[in-house]
Amino acid sequence: MQRRPFVVTKLGQLWRLVRESHEQPMAGVSRLPELVTPEELGVTFIGHSSFLLQVGGKNVLVDPVFSKRLILLRRQRRAGLLVKDLPAIDLVLLTHAHMDHLDMASLRRVVRATLRLTGRAPEVVVPKGVEDLVARLGFARVHEMEWWQQLEVQRLRVTMTPCRHWGARMFNDTHRGYGGYVVESGGYSVYHSGDTAYFDGFREIGQRLKPEVALLPIGAYFPDSYRAVHTSPEEAARAFVEVGAEWMVPMHYGTFRLGREPMDEPVQRLGAEAGRLEIRERVRVLEEGETLRLG
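Residue 623 is where the sequence shown starts when you use the numbering used here, and the numbers rise one by one after that.
Simulated DEER-style distance windows between Cβ atoms:
#  : residue 1 : residue 2 : range
1  : Gly-917   : Met-726   : 32 to 38 Å
2  : Pro-709   : Met-792   : 32 to 38 Å
3  : Met-721   : Arg-898   : 33 to 39 Å
4  : Gly-808   : Arg-882   : 39 to 45 Å
5  : Gln-646   : Glu-774   : 43 to 49 Å
6  : Gly-917   : Leu-694   : 38 to 44 Å
7  : Asp-846   : Arg-738   : 45 to 51 Å
8  : Gly-809   : Arg-882   : 40 to 46 Å
9  : Lys-706   : Glu-912   : 17 to 23 Å
10 : Trp-769   : Asn-794   : 19 to 25 Å
Keep in mind the hints are simulated off the structure, nothing from the lab. All C-beta atoms in this analysis are idealised placements derived from N, C-alpha and C, irrespective of residue type, glycine included.
With these hints in hand, go ahead and build the complete structure from the sequences.
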């Protein structure tokens with residue numbers, strides 16, 4: 623008897639977000655990617671939780687979403703890079719099965735674009751239980767991982783990290799896994815947390831893997847019940863301190879209307895908290911298409 627009211631409530635919330643997502647024109651511009659040398663690290667923010675990582679001479683996409691719509695929900699800001707402008711992609715990392723992170727249309731386009739450039743498809747890494755969603759998208763190989771497992775792929779070391787979230791794509795496929803990743807190569811290490819609430823695992827991730835750059839989510843935290851699966855800006859800043867990375871790049875804000883907070887509030891609150899913690903110079907808020915370049 624309780625299942626139907628829950629589903630009705632969730633559908634009502636979703637419809638309100640869909641309606642609001644069409645109220646304003648889409649903002650932002652797409653850029654050409656800034657390519658770095660194999661001895662450098664490049665972290666390019668595409669939008670939402672999507673990144674292009676250039677590490678160890680390899681090109682890695684994390685949670686690539688280039689579509690203007692996720693079914694009916696429309697982006698608020700354009701993707702910072704276009705698929706046609708990407709370099710050949712060696713590896714794709716997917717943190718979980720939610721549609722704003724695993725977008726099948728975008729993945730098919732990435733595979734086709736890389737095939738045109740090199741004649742070979744990229745490989746893909748997914749949490750355990752997500753393999754069936756990507757098995758027929760054309761990837762050269764699909765790797766499944768669980769928390770703390772390590773994988774050597776494309777001359778990169780990939781570690782799947784724990785988080786506090788959920789992995790179902792619909793309502794009833796709760797067997798699907800979820801997590802973040804640390805990617806290491808060439809003396810560089812990048813941590814993408816995936817979607818997560820604040821939890822006591824950030825310090826352990828930092829102690830075990832010592833990432834140099836932490837990509838951490840700051841949006842979709844209001845109403846407060848959303849913080850069961852998402853961090854607030856203040857919690858993301860605390861997570862950054864506990865991870866111990868040198869640089870923080872915020873994500874999961876501004877692209878899709880997922881929470882009830884104003885779209886520009888997450889960055890403002892993150893800036894205020896970074897100032898309070900005296901870490902402002904270590905927080906890099908990237909515009910879509912902008913690259914943090916180290917080396």
